[in-house]
Amino acid sequence: CQLFMGHLRYSTTGKSGLQYIHPFLRRNNWRAKNLCLCGNFNMTNIDEIFEKIVRQGQSPRMFGDSYITLEWMGHRLDREVERNFNAAKRIGLQDLDITHYIDDHVDMSRVLRSALPDYDGGYVLCGLTGSGEMFAVRDPWGIRPVFFYQDDEVVAVASERPVLQTTFDLSADQVQEIPPGQALIVSRHGEANTDIILPQKGDYQCSFERIYFSRGSDSEIYQERKRLGEQLTKPILRAIDIDTEHSVFSFIPNTAEVAFYGMVEGFRRQGLDVRTEKVAWKDIKLRTFITEAGARNDLAAHVYDITYGCLEPYKDNLVIIDDSIVRGTTLKESIFKILDRLYPKKIVMVSSSPQVRYPDFYGIDMARLEELCAFRAAIALLEERGMWQVITDTYEACKNSLTPNPSPKGKGNFVQAIYRPFSVEEINEKMVEMMRPEGMEAPIELVFQSIEGLHTAIPKHHGDWYFTGDYPTPGGIRRVNEAFVGWFENRNNAIS
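Counting from 1 along the sequence shown, just add 55 to a position and that's the residue number in the working numbering.
No lab work stands behind these hints: they were computed from the structure. One thing to keep in mind: the hints can contain errors.
Claimed, not checked - Below are the DSSO-like pairs computed for lysine-lysine, each with C-alpha atoms no more than 30 Å apart in a straight line:
no.: 1; residue 1: Lys-400; residue 2: Lys-337
no.: 2; residue 1: Lys-337; residue 2: Lys-256
no.: 3; residue 1: Lys-392; residue 2: Lys-370
no.: 4; residue 1: Lys-387; residue 2: Lys-370
Predicted, not measured: the structure shown is a model, and the values here were computed from it.
Please work from the sequences and hints to get the whole structure.
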C-alpha cells in the first residue's frame with residue numbers, strides 16, 4: 056500500500072521557522088527504526104519528558120515538544136525493533152530474513168503504550184514507520200479532535216470531518232471519530248483497527264475549536280455557531296434598549312458569520328425584523344490572533360475597511376458580533392477606529408464566546424496571561440480599588456503550588472482568585488476603557504456569551520478552561536500557575 060502524510064500546523068510556541076514545520080523525520084539505517092511524526096498538540100510537561108530522556112542516556116539537540124516527542128517515541132520504537140530482532144535470532148533467522156521478520160511483527164500498540172503514559176496535554180499524533188505502519192493516537196482527555204474514514208481501498212485521517220466528507224464525497228455518518236485514549240493503527244498490509252492505548256480520563260473536547268478554529272462547513276459546528284448567536288439576543292436587546300428600529304447588525308470577521316445568522320434568526324423568532332448590513336470588509340486574508348506578537352499591532356491597523364452610508368449617523372446603534380475577543384488588539388488598533396467613522400449612536404461589540412480569561416496550553420497559541428484583555432482588566436480593577444493583597448496572595452499560592460512539597464492547599468488553579476471579586480459587567484467596562492482608542496466619539500458596550508449559553512450551544516464539548524480556568528490535566532493547572540508567577544515576577548523586576 057501507499058502511505059502519505061502531511062500537516063498544516065501554525066506554530067503554537069509563538070515562533071515561526073522551518074524548524075517548526077511538520078512532519079518531523081527521525082532517520083536510521085535500519086528501515087523499521089525510521090519514524091515520521093506530525094500532530095496537533097502541545098505537551099504541558101515536556102520538561103519532564105526531556106529529563107526522562109536524558110536520564111536514559113540521550114542528549115537531545117533541541118528542546119521543543121515536537122522534537123522531544125519524536126525522539127522519545129523513536130526510542131520506544133527502537134526498543135520494539137530490538138525486541139523483534141532478538142526474537143528473530145532465537146528462531147534462527149539471518150540477514151534480510153530478520154529485517155522482514157521485524158517488518159511483519161512490529162507492534163505499534165506496544166510502542167504507543169510504552170511511550171504515552173507520561174504525557175500530559177492535548178494531542179493527536181500521527182506517524183509512519185519505515186516498515187510501513189501508520190498510526191493516529193488521541194489524548195485520553197479527548198482535548199484535540201481527530202476523524203477517520205476507511206473502506207476497501209483507503210484509510211484517511213484528518214482533524215476535521217468535512218475535509219474527509221469533501222475529499223471522498225461522504226455523508227457525516229460515514230466518518231468516524233477516534234475515541235479518547237485510542238489509536239487507529241494501519242498495518243503495512245493495509246489492515247486498519249482501533250486499539251485502546253490509554254484509559255479514557257474524561258470528556259474534555261475543546262470548545263474553542265468549535266467556536267473559532269474548526270471549519271464552519273461541519274454540520275454540527277454550523278448549528279452550534281448559530282446557537283451561540285441565538286443565545287445572545289436578550290443581552291443585545293438590553294444593550295440597545297430594545298431599539299431595533301434604530302440599530303444595524305453586522306459581523307466581524309468572516310468566522311463570526313454563522314453566529315451572526317443565528318443571532319438574526321433568534322431576533323426574527325421573537326418577531327423582530329432587524330436591519331443587517333455588510334459594515335466591515337477584511338482587506339487582507341490574515342488572522343491577527345495567530346500572528347507573531349511583534350507584527351500584530353501593525354497588521355491590525357490595516358486589516359479592515361468599512362461600508363460608508365450603511366447607517367444613519369448619530370441615530371443608529373451599530374451591533375457587531377465577533378467569534379471571540381482574546382487580546383483586543385484588532386479592536387483597539389483598527390475596528391473601533393474605523394467603525395467610529397460611521398458616527399454610530401453607540402457601538403455594541405458582541406462576542407459569541409465568553410470572556411477568554413486564561414491561556415490555552417493544549418495547542419492554541421495564547422500562553423501569556425498579560426496578553427489577554429480580560430486578565431489585564433481584572434488586574435487594573437484590583438489595582439484601582441487597592442486590592443493588592445489579592446494579587447500578592449495569588450502569587451504566593453501559585454508559587455507554593457510549584458514547589459516539590461506544596462502545602463495541603465497547594466493544588467488547583469489559583470489564578471481564578473484574580474477574577475472572583477468582579478462581575479462580568481465590571482470587567483467588560485474596564486476592558487472598554489482600556490481598548491477605547493483616543494479621540495473616539497461613540498460609546499462602546501461589550502456583550503459576552505455566558506458560560507451557560509456556551510454549554511447550551513455546544514453541549515458535547517465540555518473543554519472550557521480558557522473561559523473558566525477548569526483545566527482537565529495537572530499539567531495545565533501547573534502551567535497557568537507558572538504563567539502567573541512569571542507575570543508577577545517580571546512586572547516587579549520591571550518596576551524595580
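So, going through the hints one by one against the coordinates:
1. Of the supplied pair hints, the one linking Lys-400 and Lys-337 holds, its CA atoms being roughly 23 Å apart against a limit of 30 Å.
2. A threshold of 30 Å between alpha carbons decides the hint, and for Lys-337 with Lys-256 the separation of about 42 Å lies outside it, so the pair is violated.
3. The hinted pair formed by Lys-392 and Lys-370 meets the criterion: a straight-line CA distance of about 18 Å does not exceed 30 Å.
4. Taking the CA atoms of Lys-387 and Lys-370, the gap is near 23 Å; set against the 30 Å cutoff, the hint holds.
Violation of the numbered hints given earlier is confined to hint 2; every other hint is satisfied by the structure.
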